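Chemist: In case you want the letters, here they are:
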Amino acid sequence: MDLNFTPEEVAFRDEVRHFFRTEIPADIRAKHLGGEHATREEMVQTQRTMNANGYAVPHWPREWGGKDWTSVQLYLYQDEMQLAGVPHPLPFNVSMVGPVIAQFGNEAQKKRFLPRAANIDDWWCQGFSEPGAGSDLASLRTTARREGDTYVVNGQKTWTTLAQHADWLFCLVRTDMAAKKQEGISFILIDMKTKGITVRPIRTIDGGAEVNEVFLDEVVVPAENLVGQENKGWDYAKFLLGNERTGIARVGVSKARLARIRELASLERMGDIPLIEDRAFREKLAGVEIELKALEMTQLRVVAAERGQASGKPNPASSILKLKGSVLQQATNELLMEVVGPYAMPYVPEDDREGSNEPPIGPDYAAEAAPEYFNWRKISIYGGSNEIQRNIVAKAILGF
Amino acid sequence: MDFDLNEDQRLLRDSVERLVTDRYGFEQRKAFLSQPDGFSREMWKQYAELGLLGVPFAEEHGGFGGGPVETMIVMEAFGRGLVVEPYLATVILGGGLIRYAGSEAQQAEMLPKIVGGEMLVAFAHVERHSRYELHNVATKAERDGDGWVLSGDKGVVLHGDSADCLLVTARVSGGQRDRDGIGLFLVRADTPGVTRRGYPTQDGLRAAEISFDRARAETVGEPGAVLPHIERVVDEAIAAICAESIGVMTEMQTTTVDYMKTRKQFGRAIGEFQALQHRAVDMYVDLEQARSMALYATVMASSDDAVARRLAASAAKVQIGRSGRKIGQETIQLHGGIAMTAEYKIGHYFKRMTMIDILFGDADRHLAEVAAHGSVFA
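Residue numbers (the numbering used here), protein chains in the order written: chain U, 1 to 400; chain D, 1001 to 1378.
Here chain U stands alone, though its shape is the one from the complex (with noise of 0.2 Å):
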């Protein structure tokens, strides 16, 4: 039993740290830990930069950019890229559609795809959820019909976060309209240039539009570009989801945050003294660090017991982490936005906070706050929402 990770694997992390703090553009960080969305071009700069030094991919099959790193180093990534503040490379490429198509795809997709997915030379979407098919995925109703060469695609997807940067978009079709839900879907690529597709935003409670709907009418997709076998794309999903077991936690943001909280709260003051020095706000704040470190305790657990074992499998323990870490985060941003106080009421638009020359309205740190709190209310519901997790270890240890 021992906490401290090897010689090695401290000297593997303060690799990747000097990467990140020194590589990694100072502004792009500083704004990212601000709660600012990184904007299309600094998230493409970014993921070259990284995918230039080995560390978009790492966790991918060594021939397309892998690492062969162990888990524990994964683990290490993935916290000192968060604790730095820099923008993830973009999940749909490298955590999604990346990791499917280096275990489902054909070598001809695998050549075509994921060297310009790991370097963002295309941009991916996702193509899953639709109006009637939520945490529900399966009753999924979009279309493809095999006519000749070709897939024609029918159907609205929503919840397409950040289509409107996007190049291709990988979806979920259903192919045979007979079959039991699960067993009619296919995956399938689609070039976001065909004719037929339109993209609509979605403005959310923040203010924001990073959402999109979309909709495929009459869309022609080559054969080709249907990944693995047709009607098996439910398992390419689950293994898509199942993926990603413990960066979902996202324990370095909330320690970020956390620090953040601690910095801006020593410069807002209560009567007399800095807020951070309140007695109820520091057993509040001490009370989300507790768990926090519980969380951090329990990824590495996690962590540890992945050492050396394949990835892929789908382990119940990464939905604690997304329950627990899911909510964590929220409770970040209630901190955050108490502390900003009376500024956190002043609306500005977007678009007018970054970039602008206009002075802020109260301290510069107080717009993002409250428009965070809202649009963070997302994480527990995307990638299975907090009640499909417990419906998933309800399955584990129930067994109903």
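Accuracy of the hints is not assured; some may be wrong.
Unchecked claim - As a list, the in silico DMTMM-like pairs of lysine to aspartate or glutamate whose alpha-carbon atoms are at most 20 Å apart:
#: 1; chain 1: U; residue 1: K284; chain 2: D; residue 2: D1364
#: 2; chain 1: U; residue 1: K284; chain 2: D; residue 2: E1369
#: 3; chain 1: U; residue 1: K395; chain 2: D; residue 2: E1272
#: 4; chain 1: U; residue 1: K111; chain 2: U; residue 2: E63
#: 5; chain 1: D; residue 1: K1326; chain 2: U; residue 2: E387
#: 6; chain 1: D; residue 1: K1113; chain 2: D; residue 2: E1042
#: 7; chain 1: D; residue 1: K1351; chain 2: D; residue 2: D1304
#: 8; chain 1: U; residue 1: K395; chain 2: D; residue 2: E1330
#: 9; chain 1: U; residue 1: K395; chain 2: D; residue 2: D1258
#: 10; chain 1: D; residue 1: K1345; chain 2: D; residue 2: E1017
#: 11; chain 1: U; residue 1: K284; chain 2: D; residue 2: D1362
#: 12; chain 1: U; residue 1: K395; chain 2: D; residue 2: D1282
The hints are simulated quantities; they were obtained by calculation from the structure and are not laboratory data. Remember, predicted model here, so these are calculated numbers, not experimental data.
Following the hints, put chain D in place on chain U, whose structure we already have.
Modeler: Just chain D, lined up with the frame of chain U:
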């Protein structure tokens, strides 16, 4: 980074788990509770024979040479069995105080007896108004010839009624809440001037109110400067009861899940109802979070950095206090009426968990400690 037990630790775990499984069933425990001391002298002898009473002590004193991890292994298994013998009082607290603060002569005299099961010790610290403060001591120690005499009242002394020796905090100088001026004294229980009133605690264990009226005592450590030793031993004791609580909570969680699989209402197992499933999952998550912090406190218990050690102990106490309360209340609720009966085991786990939260300071008390002293991420 490694959470695995080594070979010796696995053997220790197997042997103590087997003992608890074989000898500490619910009915057997009930019989132990009804014995004159409120626990089983016979089991105590068994622990000595298995070497469990020597776990944290050096080999030169007949011990096992173990550290906090070995203590954790024993305590977690004892938690699963709701063991009622005075292991915390004698081995962790009494033995710990002698180990850190005692003279070589006291160690050579007492530790082999503790290891051999021939001496029970209790730590008499709490007073009517001290609550959880370790530096809050009104009991007085005065010089008397070449020795000392103690006067004052101690309360809720764990297993104080059956102890052969008492380790008593008393003030040699300063005001009631000064950190300096606290001494630790060894008093034989049969010393004239010592009066004991023993009673059961809510969880079936034993404690005593003890008054001292010019009772003769010998010093343990330097009078006036023992507080750091006491704090260290209490940090280790907190790690130990956190481990015990993991055993207690694990039993509540697994028993609840088993019950949900078999109890039928409305024609099906209650575990099929989603409203109950999700509550069972939350119990499981709470347990795993508590287990993580108990491990953290265990590893940190051997740290010589007193501030970091104390922060870890307090943070763990917060987590197990909160997890324990939730798991305890949920195990009762999900079982329903059966859990309210004294004949069913689960209520006894609930009661032990409730007492563990109070021991050495409840979750709110330790949250205030952590909040006042910094951050677990510092």
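Chemist: If a hint holds in the structure, say so; if it doesn't, say that too.
Modeler: Status of the hints after comparison with the structure:
no.	hint	result
1	K284(U) with D1364(D)	holds, 11 Å
2	K284(U) with E1369(D)	holds, 12 Å
3	K395(U) with E1272(D)	holds, 10 Å
4	K111(U) with E63(U)	holds, 11 Å
5	K1326(D) with E387(U)	holds, 19 Å
6	K1113(D) with E1042(D)	holds, 16 Å
7	K1351(D) with D1304(D)	violated, 34 Å
8	K395(U) with E1330(D)	holds, 19 Å
9	K395(U) with D1258(D)	holds, 13 Å
10	K1345(D) with E1017(D)	holds, 18 Å
11	K284(U) with D1362(D)	holds, 16 Å
12	K395(U) with D1282(D)	holds, 13 Å
Figure legend: structure checked against the earlier numbered hints; the only hint not met is number 7.
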